[in-house]
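Peer 1: Next come the chains, spelled out residue by residue.
2 protein chains.
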Amino acid sequence: MKVNGKPYRTIWLNEGNDRVVQVIDQLKLPHAFEIADVLSVADMCRAISNMTVRGAGLIGASAGFGMYLASREAPEQGFHDFMRQAAADLKATRPTAANLAWAVERMLGAIAVGTTPAHMRQLARDAAVAIADEDAEHCWRLGEHGLALIAAIAQRKPGQCVNILTHCNAGWLAFVDFGSATAPIYAAHDAGIPVHVWVDETRPRNQGASLTAWELGQHGVPHTLIADNAGGHLMQHGLVDMVITGTDRVTRNGDVANKIGTYLKALAARDNGIPMVVALPSSTFDFTLGDGIASIPIEERGAEEVRFVSGKTSHSGIETVQICPDTTPARNWGFDVTPARLVTKLICERGICDANEAAILALFPQERE
Amino acid sequence: MKVNGKPYRTIWLNEGNDRVVQVIDQLKLPHAFEIADVLSVADMCRAISNMTVRGAGLIGASAGFGMYLASREAPEQGFHDFMRQAAADLKATRPTAANLAWAVERMLGAIAVGTTPAHMRQLARDAAVAIADEDAEHCWRLGEHGLALIAAIAQRKPGQCVNILTHCNAGWLAFVDFGSATAPIYAAHDAGIPVHVWVDETRPRNQGASLTAWELGQHGVPHTLIADNAGGHLMQHGLVDMVITGTDRVTRNGDVANKIGTYLKALAARDNGIPMVVALPSSTFDFTLGDGIASIPIEERGAEEVRFVSGKTSHSGIETVQICPDTTPARNWGFDVTPARLVTKLICERGICDANEAAILALFPQERE
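Chains as they are written, first to last, in numbering that gives the first Met the number 0: chain U, 0 to 368; chain S, 0 to 368.
Among the clues, some could well be false.
Same chains, same label: a pair holds when it works inside one copy or across any pair of copies.
[Unchecked claim] Subject to a maximum C-alpha distance of 16 Å in a straight line, what follows is the list of computed EDC-like cross-link-like pairs (lysine to aspartate or glutamate):
#1 K27 - D325
#2 K1 - E318
#3 K90 - E298
#4 K156 - D290
#5 K27 - E318
#6 K5 - E33
#7 K311 - D325
#8 K90 - D290
Hints in this document: simulated from the structure, not taken from any laboratory.
Please work from the sequences and hints to get the whole structure.
Peer 2: Below, the structure is given as structure tokens:
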């Protein structure tokens with residue numbers, strides 16, 4: 000997608016020096032657009048943990064490039080030990096996102112057929128680039144599928160805007176390009192369908208306010224920032240036509256882990272007869288898991304993310320402010336699980352399906368076992 | 000309730016000079032505890048609008064004292080015109096809270112029987128004090144009723160903590176004393192029942208983080224601050240035994256207007272079989288309205304409350320930071336309506352009832368008409 004008119008992905012190999020991975024520094028957005036260099040697997044682990052890079056697809060692509068960087072660092076003697084440690088370190092950075100382990104395993108598989116360290120480095124480079132390219136392509140394709148859902152709503156209210164509510168950032172910033180939840184929105188906007196997006200702020204890290212609002216603004220998609228609390232009220236008053244979110248992991252039976260609070264929006268959508276749509280590249284499916292509430296690991300992050308808020312001061316500095324008493328304890332779970340019964344449709348690059356095992360496996364017959 | 004060991008109400012007449020109303024300045028909490036003087040009805044309108052004072056019961060009590068201050072300002076000639084204007088100005092400050100219009104009408108009724116301006120000033124003073132005293136007494140009594148609900152849960156899990164989730168601040172800071180949602184919690188805590196409160200941050204104005212966390216901390220009630228997004232996840236995992244909130248207006252049939260986001264928690268409570276309890280003094284009922292979603296006016300406040308967050312910096316200054324891009328538009332509805340079908344019980348000073356017209360009118364037979 001374009002930033003100030005210039006096309007970007009969220010992660011790429013430096014053109015002149017392929018020992019350097021470059022990423023958009025998402026900790027600086029929306030107040031500054033900066034590119035960060037990632038020089039080692041340890042750097043990449045930090046970037047994933049501290050959310051310099053974040054979002055289901057981008058975490059996977061980052062893990063791919065992290066494994067590639069590891070292959071450049073690994074000694075000739077002990078190459079495989081070094082890579083196994085790198086894999087473990089990367090997997091430990093964020094527990095919920097399915098794409099992370101998926102990408103690490105794919106990288107291990109790719110280098111396993113290498114004959115020499117040099118060969119394996121080349122294989123790692125190719126695999127990391129392929130993961131990123133596929134992520135972008137899958138998001139593009141799921142956007143085309145999702146466009147049909149938005150077009151169908153637009154047809155039912157000619158001349159009126161299609162109002163879409165989204166939670167967190169499942170935009171192109173969360174992937175390599177296009178995004179998952181945003182891909183159908185961008186496709187609809189580019190096709191001339193009038194769309195307007197209600198952007199959930201998404202406490203505690205405000206990815207909606209800082210990232211989704213920013214990228215929709217860059218692309219010129221009309222949008223309005225709201226508190227996470229507001230979505231139910233909007234739905235009760237006919238101001239939402241569709242909820243669309245991304246996801247960090249979808250189980251075999253269609254349970255959806257996504258940013259904390261998604262479950263509440265899914266409940267409100269159901270209560271008001273509004274479609275609750277979840278968009279994902281196939282790399283986000285975890286076919287090994289059934290009941291998502293019981294089995295998907297939910298990351299708990301630091302209390303300081305709840306107790307403090309960062310933003311731009313009136314002097315254009317960045318400041319962090321404390322919003323509660325000094326002694327107030329806080330807890331901070333990063334995700335919740337929306338049961339499949341509340342999900343109207345899943346959109347992936349292979350098409351659209353209902354959120355149940357039979358429908359999912361009809362799109363992914365190789366997972367039937 | 001006590002602050003640093005000294006008992007306070009949220010509003011009172013200055014002991015030495017009864018032309019001065021004093022209030023706890025809630026814009027300064029939790030980082031400073033300051034008392035503000037309110038000297039005129041115009042002052043009081045500002046204090047209600049800018050939320051120096053806020054919360055269903057306290058808005059009512061403030062309107063009462065505002066009318067009293069107006070009676071001190073009103074000229075001998077044109078006394079009633081002045082009072083009618085004061086009534087209109089006060090009613091216009093916040094559209095959703097039922098207590099506001101209720102208190103203003105009660106004040107007008109009280110002074111209507113006066114024979115001279117001096118007599119009417121005395122009647123206004125007495126009525127304002129009575130409204131405040133009754134608010135405190137009603138909260139105390141509903142706390143005793145609500146205590147029984149908490150005690151019943153405690154009996155089913157002996158030796159374990161009763162986990163209660165609340166949204167916004169319906170604490171003693173929102174009333175004259177004791178609070179509505181918090182009154183049963185304080186009563187249970189004081190009775191030795193182990194309770195723990197999940198405190199919703201309550202964006203955009205963070206009344207949970209800044210007020211509820213503060214007052215629970217002052218009283219020593221164990222509590223944990225969470226993002227508004229977290230409650231559904233907690234309920235899915237058995238970590239909430241009861242949701243209890245206050246309300247700004249309850250219709251004849253039991254629909255509940257409360258801080259935006261309450262509806263989402265009520266949906267999650269229903270989905271997880273958890274009681275959703277709403278506590279209110281009878282002054283918060285609006286027996287003239289039926290369907291709350293269609294009829295309760297919902298205040299829309301400024302976008303800046305969504306776009307900016309205030310808090311304490313590391314240097315102990317207070318700073319306001321912008322959390323979205325410079326050009327991002329925002330909308331900010333203050334309340335939503337939880338349909339009666341999602342409300343398990345209403346608690347008021349007369350007792351506990353189901354949220355339907357027959358049950359409510361059984362407690363308030365004079366409203367049967």
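Peer 1: Each hint should be assessed against the structure and marked as holding or not.
Peer 2: Tested hints:
| no. | hint | result |
| --- | --- | --- |
| 1 | K27 - D325 | between (26 Å within a copy, 14 Å between copies) |
| 2 | K1 - E318 | neither (28 Å within a copy, 33 Å between copies) |
| 3 | K90 - E298 | within (13 Å within a copy, 47 Å between copies) |
| 4 | K156 - D290 | neither (37 Å within a copy, 27 Å between copies) |
| 5 | K27 - E318 | within (12 Å within a copy, 19 Å between copies) |
| 6 | K5 - E33 | within (14 Å within a copy, 52 Å between copies) |
| 7 | K311 - D325 | between (22 Å within a copy, 10 Å between copies) |
| 8 | K90 - D290 | neither (22 Å within a copy, 52 Å between copies) |
Of the hints listed earlier, those the structure fails to meet are numbers 2, 4, 8, in rising order.
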